[in-house]
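S.K.: In order, the protein sequences belong to chains A and B. Here the working numbering = 1-based position in the first sequence + 226. Here the working numbering = 1-based position in the second sequence + 454.
Just so you know, these hints were derived from the structure itself, not from any lab. Treat the hints with caution; some may be incorrect.
[Stated by the list, open to error] Capping the alpha-carbon separation at 25 Å, the derived lysine-lysine pairs in DSS-like fashion look like this:
{"id": "1", "chain 1": "A", "residue 1": "Lys390", "chain 2": "B", "residue 2": "Lys568"}
{"id": "2", "chain 1": "B", "residue 1": "Lys689", "chain 2": "B", "residue 2": "Lys482"}
{"id": "3", "chain 1": "B", "residue 1": "Lys689", "chain 2": "B", "residue 2": "Lys671"}
{"id": "4", "chain 1": "A", "residue 1": "Lys390", "chain 2": "B", "residue 2": "Lys614"}
{"id": "5", "chain 1": "B", "residue 1": "Lys671", "chain 2": "B", "residue 2": "Lys568"}
{"id": "6", "chain 1": "B", "residue 1": "Lys568", "chain 2": "B", "residue 2": "Lys614"}
Remember, predicted model here, so these are calculated numbers, not experimental data.
Here are the chains, one letter per residue:
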Amino acid sequence: MTFFLQLLFAGVALGCIYALIGLGFSIIFKASGVINFAQGELLLVGAYLISAGMFEWHLPFFAALLLAIVVTVAIGVIFERLVLQRMIGKPVFSILMITIGLDVLLRTGVQLGFGADIQPAGSPFSLTQGIDAGGIHFGAADLWTIIITAALCAALYGFFRYTKYGLAMRATALDQEAALALGIDIRTVNALAWGIAALVATLGGFFLAIKKIEFDITLGNTALLAFPAIILGGLDSIPGAVIGGILIGLAEVVIGGYDSHFPLIFGSGIHEIAPYLIMIAVLLVRPYGLFGTRKVERL
Amino acid sequence: MLQLQDVAVTYHNVVPAVQGVSLEVPDKQIVALLGANGAGKSTILRAISGLLDFHHASLARGTITFDGERLNHLNATQIIRRGIAQVLEGRRLFADLTVDENLRAGAIAHGDAKAERESYERVMDLFPVLRDRRNAPAGYLSGGEQQMLAIGRGLMSNPKLLLLDEPSLGLAPLMVQKIRDIIAHINAEGTAVLLVEQNAQMALSIAHHGYVLETGKVVLDQPAAQLLQDESVRKFYLGLHEGGDHAAPGRGQLRRVERRWKA
Chain A
227 MTFFLQLLFA GVALGCIYAL IGLGFSIIFK ASGVINFAQG ELLLVGAYLI SAGMFEWHLP
287 FFAALLLAIV VTVAIGVIFE RLVLQRMIGK PVFSILMITI GLDVLLRTGV QLGFGADIQP
347 AGSPFSLTQG IDAGGIHFGA ADLWTIIITA ALCAALYGFF RYTKYGLAMR ATALDQEAAL
407 ALGIDIRTVN ALAWGIAALV ATLGGFFLAI KKIEFDITLG NTALLAFPAI ILGGLDSIPG
467 AVIGGILIGL AEVVIGGYDS HFPLIFGSGI HEIAPYLIMI AVLLVRPYGL FGTRKVERL
Chain B
455 MLQLQDVAVT YHNVVPAVQG VSLEVPDKQI VALLGANGAG KSTILRAISG LLDFHHASLA
515 RGTITFDGER LNHLNATQII RRGIAQVLEG RRLFADLTVD ENLRAGAIAH GDAKAERESY
575 ERVMDLFPVL RDRRNAPAGY LSGGEQQMLA IGRGLMSNPK LLLLDEPSLG LAPLMVQKIR
635 DIIAHINAEG TAVLLVEQNA QMALSIAHHG YVLETGKVVL DQPAAQLLQD ESVRKFYLGL
695 HEGGDHAAPG RGQLRRVERR WKA
């Protein structure tokens, strides 16, 4: 039982990382209908900057974190302003290709700047820190992942619910022309979406890196694992991204924990494909995801 | 107040929709803009409110001035700040947002909390039914309530000129009457209205002046009372005709109009 509870805890923590990555995808998708393929690389830039800030430039942790957030948010907003702004009204497919371009640009940029060597993750906690309670070890990094994700979700909820800009973003997501007719500035809405997406990507990258202790250029690929999470939750649903992320994290860790119990049937790598199996199963029943908008269309 | 001079609009730089329209909305008046589908009514509203870009259309020539200021190159946000609000055809509410949130969204461009509260109270006094349903998602309202909310949302920026695109669309006759009275009331409080309608009877019954648009051009430009008496308007917009199904022989002009309609 304690083993199962331990797995649950670890699963939720991993799920929170997926949730952070998924949030970035769905906020941009809601605002502009575009899947941002560079989301994983924003996360990579964030993780590298924190690591380099601490170990190369010898900044205190929070300064390094702040630096990483400022730089990634600036990349997101500037990219939106300089490039995507000119693409408003153009086919979504073209915009999608451009985000793949940004992805390549950021990845090679990171490689040029920091080399291809393995980097130690910048972290304020040591590996062994944590609380033991009831036979379960609550690692500091995992605990903070959960706490920060929960706090961020609450902050985003408040932002969307109670602030003027949050309302503008929700209105624009529902009907762009109606929002425009009310004088809502869609450029500001898009810039905000990219800024928030970059912020959550940096936090996701930070927690992912400390989970792995050390990392390299492939860290961005983890964004692919957030993909089943957002599809599962419904691409255009922000709560869906969070819940989908946690479900996928739980599935991966819990199934991984019991891998050895069914090696003959599935082999020991079943936890790696479990997220995708769950995604396919959900899509068969609910093609728009668990919380996505159900689209009624005549064909 | 609002003047359009020789305005021409093309979509995708090639498709002409409006070809040289001049019209005027005087201070505190209701002006009706009538015409069949595709005559260019909505395009004219888009040109005024700065929504042409969104539809890949642009002003090919002409000027639009509001209180003496050229609007030609202003964007939608700038135009609404100068006091022009548009209620789109088909209401276009944010269905998942509550009534209150829809109204708050209407005041975003202005960004003055005190003005927003005043506008909010004004809208609620105008539409008491909305007060009872303020926390309900807009999508759950009845058609008439939705139209009221759409108009209320337009009023949240406290406009000097309100552009209404087919407010009677899809409403029951009693509700059409109600919307008509509301428009007259809003106008009586000092807001000018440019009213695009298919329901000519309703529009002309409250308008001071009317324009009839055909394939992108103004074909009639008269005081509303006179338009109501105009034979072609009576026949083709009001469905009233005296003396049988066919126009009396010898009325060349009327027959021309008729041919245009039957084409």
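S.K.: For every hint, state whether the structure bears it out.
M.R.: Now for the hints, and whether the structure bears them out:
1. Taken as a hint, the A/Lys390 and B/Lys568 pair is honoured in the structure, with Cα atoms around 14 Å apart against an allowance of 25 Å.
2. The hinted pair formed by B/Lys689 and B/Lys482 fails the criterion: a straight-line CA distance of about 30 Å is larger than 25 Å.
3. Taking the CA atoms of B/Lys689 and B/Lys671, the gap is near 19 Å; set against the 25 Å cutoff, the hint holds.
4. Taking the CA atoms of A/Lys390 and B/Lys614, the gap is about 23 Å. The hint holds against a cut of 25 Å.
5. For the hint linking B/Lys671 to B/Lys568, the alpha-carbon distance of about 43 Å lies beyond 25 Å, and the restraint is violated.
6. Under the criterion of a C-alpha separation no larger than 25 Å, the hint pairing B/Lys568 with B/Lys614 is consistent with the structure, at around 18 Å.
Violated hints, listed in ascending order, are 2 and 5; each of the other numbered hints is respected by the structure.
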